[in-house]
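**Q** Residue numbers (numbering that gives the first Met the number 0), protein chains in the order written: chain A, 0 to 331; chain B, 0 to 333; chain C, 0 to 501.
Because the hints were derived from the structure by calculation, they are not lab data.
Certain hints may be false.
Stated by the list, open to error - Result set (DSSO-like, lysine-lysine): computed pairs, CA atoms no more than 30 Å apart in a straight line:
(1) K341/C to K212/B
(2) K44/A to K47/B
(3) K85/A to K126/A
(4) K85/A to K152/B
Since this is a predicted model, take the numbers as computed values, not measurements.
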Amino acid sequence: MSTQRFKRRGLLSAGLIIGLISFGSCSSDSGSPTTVGSGDSSAAKPRIALIMKSLANEFFSTMAEGAEAHQSAHANQYDLVVNGIKDERDLSRQVALVEEMVASGVDAIVIAPADSKALVPALRRAKAAGIVVVNIDNQLDQDVLKQENVTIPFVGPDNLAGARKVGDFLGNELEGSDRKVAVLEGIRTSFNAQQRLKGFEASMAEAGIEIVDSQSAEWEMSKANTIASSMLSEHPEISAILAANDSMALGAIAAVKSAGLSDKVKIVGFDNITAIQAAIKEGKVLATADQHGDQLAVFGIEVALNELAGEAAGDDIETPVDLVTKQTLSAK
Amino acid sequence: MESRKDHAGFVLRVRFVKQSKWLQIGIQYGGLIAVLALLIAVFSACSKNFLQPATLLTIANQIPDLTFLAVGMTLVLIVGGIDLSVGSLLALSSAILGVLMANYGWPIWAAFGIAMLVAGLCGTINGAISVGWGIPSFIVTLGMLEIARGATKVVTSSQSVYIGSQVEWFGQPIASLRLSPAFLIAVLAVIVGQFVLTRTVFGRYCVAIGTNKEAVRMSGIRATPYAIAVFAISGLMCGMAGLAQTSRLSTADPNGAVGIELAAIAACVIGGTSLMGGRGSVVSSFIGVLIIQVLQTGLAQIGVSDANKQIITGSVIVLAVLLDALRNRLSHRS
Amino acid sequence: MTAPPLLQTKSLTKRYGSVNVLSDVTMHARDGEIHALVGANGAGKSTLCKIISGLVPASGGTMKFDGNDYRPENKQSSESVGIQIVQQELNLIGTLSVAENLFLTRLPNRGGVLRGRDLHHQARAVLDRFGLTAIETHTAVESLGVGHQQMVEIATALARDCRLLILDEPTAALTGRESQQLFEHLRRLRDEGVGIIYISHRLDEVASLSDRITILRDGRFVETRDTASMTTDEMIALMSGEEAAGQIAEHQTYRRDEIAMRVRQITSGFVNDVSFDVRRGERFGITGLIGSGRTELLRAIFGADVATAGEVELTDVKDGQLFSHPADAVAAGLAMVTEDRKQNGLLLSQSIITNTTLCSLRPQFSRGGLLRIGDEERIASSMVTNLETHCEHIDQSVGTLSGGNQQKIAIAKWLVHDAEVFLFDEPTRGIDVAARRRIYRLIESLAKNDKACVIVSSDLEELLETCDAIAVMCDGKMVETFQRDKWSREKIMQASFSGYVS
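Bound conformation, chain A alone:
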């Protein structure tokens, strides 16, 4: 009797597996409108794989949405497969994604690399397999590219210049002679983090402001909160915190508030995410930089399409980075 009951339960769970998987594949059909599943991928219509970092990060999900919107507007021109990784650090998985996309026979890969060095060999192999590769967002390491003897066009903002814009704006706002600031860095292995740090350092040096503390909060809000709090208790004299992205800036706001220094310590960020705009309007954050994330992937896809259409691989394309402050927001 009970044996039968177990058999029935076994069938039930097997059914559940199938159900779930088909649910998965169905939802993918509706979720990202054009995928491999659409069957009609004729030779004339290329398939492009967009490989992102963490789609849980607003910056990248905006980027992906921009790309999907662009694809549905140009559905007759190409198909799109979008994949991301669990978190920014999972670069092993991102390399695996590149290999999987190569195996599944896409025509082009547009990638925002999680690491500026580690992805190069995998992308070199993709190019060797005849696939068009375009680098967006985070620029691949020039030395490694040279070493691997491969050229990959980069489409993206100049993070160093963007960070300088933010840093210069802050430098003008800070008054007095003995000015000290602290920096919240991104993950140190990331090229963007390095570029933004360089930009901040350059502006501070020019304005004659001392950086008394600089630590990595690994792009994360809660970690930034912890680190900013300890910075404030260690260096109560600092008058500003420069965060390498907006999430960390938001973490710093809370730290400044709980230290009771809201009036004294100014904060700047980078990326212009939705949440930061409210903070800027309220004056809690002084400025951020907008690198027009929603258009970034689209630029990359357009470069890939041009190359697929037979044009020679182009040079690097710099996309604009704009300073966002209370004034620019109210001007809109």
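Given chain A, put chains B and C in place with the hints provided.
**A** Same frame as chain A, now just chains B and C:
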């Protein structure tokens, strides 16, 4: 009286006939292989690119690191422990390998030797503290997770270290076979692991220790060295996994392999290894690894949205374990 | 017979897969009687009781309780009609206190907050009523000895109101005095009208305690008779299906003069300055009340606990020493069959093969660290055949065997390994008559082969039957040693209590 004895003896002999080997193998691996086949069938139906040599070979060349970890983890789980430090130890050995090769120009074998030494040593420390002092391995290896990750960042100065082609060959397919040396060695590790588990005194003692440590002691066996050795082996497997991952990425990544310990544990448990110790199979854990990787690759090829990917992966893990539990009960009943 | 019997079963059947463990059992139990249920291990006694108390569902058949249809779905539903069961395995939660265990399902509380004083007050009353004045209600159960745990378990069931009480081997771990207390209590309950189903291997107990006896054999009902109309020999005959041969053979000693093991002034925890010699071929019994330090003594000799003083000298090893790990003791030629085979004797979830060869893997079943599986299978099969172990096949896990067969495996592993001195701690606890006989024969054949055997047992009859000499432990000391021609039950009992009188 005499005849009764004969009769009893006859009955006993007939009853001792063992189940046929193939039937045993069928019962042991049937459920897992069914799950794997089901996944492959579903993905093949969804994407015509899935059931292609290119995709399957890609999968094969992606799994060595997780496979090495799962081999070590299976043994650790069997003796009734758990090793949470494998991800960090992988990153540490990868970092040592990378820094010695890229910054100091060491040849790969020497750098790899040092990396294995350090990983094995860390594993031994895990074992010595948890087994020798009777502290739960959960907490000891959790400590090692943090320590090794920190050490990794010290060694690399938190920079990823690009090594290049000196290390790449190990993780890239050999042209004629289309399979990488890393994969072949990982499969070898599975075979050796299964052999050690089922065919050696060491393996038998591991199962016995995980089943009932006190009974082993009262049988006049010193269990401690064996249990410590298991943790050391897990450490060495991290070293191997470190080499596999480094060669696949051509880069030592100090932030790499975060959370991979959970994937390794999941693979073992999908394979029917008991978290309570005393039961497990290296081959089954390997099938568990395949299930996880097939799922990952398949979902990426269909381009399922990230959120759904996680939901499906989690569900399949739970269902695979559930199916295995049901299979167990059924085979107990019949 | 105007009123219906308290419990009536009709054609009860239980199948596991294709195996019938209980087939077509029809019997009844009345209120106000002690109804003994006897049979060899595997006869289906425990299964029958588990069905009655709702722990396992029947595969077929019906039951009536108090004249009404009765179909328990779980333990709660059997308890709700007034059926309580005390199982062979202890069901206590070790880390909780005695009082909490007693009232686990109905802890006195106010709005979810425990009322500790009420709890301990009520627990005290229950324990006192049962004569357990020595047990503290605050003590954690795991810190009690097995015997006391068993008493607490029984007290737990008795503390609830019940109409039918089922006891499965309740005296296995109890001393004679504790058993007597229990029997008095059971008779009192019977006189109050409670029906009692009592399972025991101790036929003398059954004969003196019960009113009627039902005999099961191989899962089938054999007969129910008034106790007064049956002798224990007849019971054995019905249980085994054959006339009992004169089972108690004439005792023959194999003792030689050569000393096999010399134990000198062992002091370990509770054990205080114990010395004795065992000769080759000798069967040396150790008895005493529960808590007199018998098990602790064996553990100290074997190196399972580290003794604080004393030494153990084996003939092959010249100097006396204290073993700090059982591995040392085994290397010196000792073997120990432990009291609690589930806790530290066997690997329950592992196969018969694995358990049989565990002690001797290195020397006998491996070459260069590789197992010789063929040899293992051969030896395990022959052990199973020799010891008449009942099993399906040698890959079967030991946990699925009955208690007696488990014990045979626990002994077999030491027979395979071989030793000069065998320590047996309660070698026949909770196993049936046939298996018990087999184990006595086994110990005898060890003695015949010049091995020394030390046997600790609560069952005095067992020692009287098998041993050449019996030493009595009392309060951690070895108070007296009796030789076979000079002992008597009275003298041994007196020695056992010597530390507690005056």
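**Q** Work down the list of hints and note, for each, if the structure agrees.
**A** Against the structure, the hints come out as follows:
A C-alpha spacing of about 12 Å is found between K341/C and K212/B, which places the hinted pair at or below 30 Å, so the restraint holds. Simply put, K44/A and K47/B have alpha-carbon atoms about 17 Å apart, close enough for the 30 Å limit, and the pair holds. For the suggested pair K85/A and K126/A, the alpha carbons sit about 25 Å apart, so the restraint of at most 30 Å is met. Restraint check for K85/A and K152/B: the C-alpha separation of about 21 Å stays at or below 30 Å, so the hint holds.
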